[in-house]
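Could you put the whole structure together from the sequences, leaning on the hints where they help?
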Amino acid sequence: ADSGPVLPTLVISESDYDQSSTDTMEFLELHNDGPAAVSCSGLTVEFGNGALAGIPIYLAQPLGCGTILPGGFYVLGSTALRATLPVGCASEQLGGGGANLIQNATNSGGTTGDAVRLVLAAEPTPLVIDSVAYDVAVPGWGEGAPAPADEGSFVDSLQRRPADRDTDDNAADFFLLPPSPCLPPPP
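The sequence shown runs 8 to 194 under the working numbering.
It is possible that some hints are incorrect.
Claimed, not checked - Simulated restraints, written as ranges between beta carbons of each label pair: (1) 185 to 128: 33 to 41 Å; (2) 87 to 146: 30 to 38 Å; (3) 128 to 41: 15 to 23 Å; (4) 77 to 184: 19 to 27 Å; (5) 127 to 191: 20 to 28 Å; (6) 90 to 131: 36 to 44 Å; (7) 193 to 28: 20 to 28 Å; (8) 131 to 42: 27 to 35 Å; (9) 65 to 176: 24 to 32 Å.
These are computed hints drawn from the structure, not numbers from a lab. Positions of the beta carbon are idealized from the N, C-alpha and C atoms, including for glycine.
So, in structure tokens, the structure goes:
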């Protein structure tokens, strides 16, 4: 019997979408928590705007990497952020590479969130590998309760702790911690 496709062992492990003033250091990090390298072929990161009806995708970016090694990280980031990454960190430019690339989640009333998901192109419909909603629940996106908001702190990022923890509940898996792209979260 066919048990369906073998899904990649990738998780969205960190995101920093809000800095003080103009958001120039934004990034999204993926982590391979499996024992084998994962091909990036057919994988796309989609960002959804929770403030608008139907949660439109405002950025869909196919991954440009060949593979992500076991235990490895892969960063999609702004041009400014990528210039600060550790030597050897696998990365690619997010969107146009400038500022304000990732939605900042909440509005002033705290009633809307935003979300990001990793999808594998498949027929008849794409398969969601991992999905994170942050600040406020976003219908059809995220896992369980939403991750906390990065708003206001400006010095933190949303991080899965540990990087491979995936309980299918964003509120249980993500914490606000100092940004650490391409590195495991602090203990």
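So, going through the hints one by one against the coordinates:
no. : hint                   : in the structure
1   : 185 to 128: 33 to 41 Å : holds, 34 Å
2   : 87 to 146: 30 to 38 Å  : holds, 33 Å
3   : 128 to 41: 15 to 23 Å  : holds, 20 Å
4   : 77 to 184: 19 to 27 Å  : holds, 23 Å
5   : 127 to 191: 20 to 28 Å : holds, 25 Å
6   : 90 to 131: 36 to 44 Å  : holds, 41 Å
7   : 193 to 28: 20 to 28 Å  : holds, 25 Å
8   : 131 to 42: 27 to 35 Å  : holds, 30 Å
9   : 65 to 176: 24 to 32 Å  : holds, 25 Å
Violated hints: none; the structure is consistent with every hint.
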